[in-house]
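A.B. asks: Sequence:
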Amino acid sequence: EEEENEEEENEEEENDSPAMLISDELVQLFASGARKRKEREEEARQQEKRWAARPLERDDLKRSNEQEKLYGAEGARRVRQLEAALNAHFDRVMDKPSAAKPVLWPSVALRHVAHAPQGPGA
118 EEEENEEEEN EEEENDSPAM LISDELVQLF ASGARKRKER EEEARQQEKR WAARPLERDD
178 LKRSNEQEKL YGAEGARRVR QLEAALNAHF DRVMDKPSAA KPVLWPSVAL RHVAHAPQGP
238 GA
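Residue numbers (the working numbering): 118 to 239.
The set of hints was computed from the structure by calculation and includes no laboratory data.
Any given hint might turn out to be false.
Stated by the list, open to error - When the alpha-carbon atoms are kept at most 25 Å apart in a straight line, the in silico BS3-like pairs for lysine-lysine are as follows:
#, residue 1, residue 2
1, K153, K166
2, K186, K166
3, K166, K155
These figures come from a predicted structure and were not determined experimentally.
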């Protein structure tokens with residue numbers, strides 16, 4: 118008798134849940150989404166293979182060579198020194214506790230100009 122009651126309860130629970138009908142259009146939509154997802158994943162794999170096949174380029178050496186062409190050996194060395202000093206100064210300023218709490222500027226106009234009404238009664 119208990120088994121029959123449990124089976125009846127299970128059947129009632131199944132009947133209480135709303136049935137979801139899936140149309141052919143919805144199935145096609147899901148299938149096209151899955152196809153597009155697979156295509157994107159495949160494209161990402163291909164892109165990764167292309168990047169892995171490229172020789173490693175060092176941006177710092179490339180920049181140094183360009184600077185030497187533009188400024189000469191001594192000038193390029195001086196430019197690198199100035200860049201390093203500027204970066205170090207920036208890091209020092211940003212490491213201060215006051216850098217975390219910048220001074221906020223007012224968001225309202227400092228000068229409000231009232232316009233006189235215009236029209237026949239003014």
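A.B. asks: If a hint holds in the structure, say so; if it doesn't, say that too.
C.D. replies: Okay, the hints, checked on the actual structure:
1. K153 with K166: Roughly 20 Å between the alpha carbons, so the hint for K153 and K166 holds.
2. K186 with K166: Measuring from Cα to Cα gives roughly 33 Å; hence the hint is violated.
3. K166 with K155: holds, 17 Å
Of the numbered hints listed earlier, the single one contradicted by the structure is hint 2.
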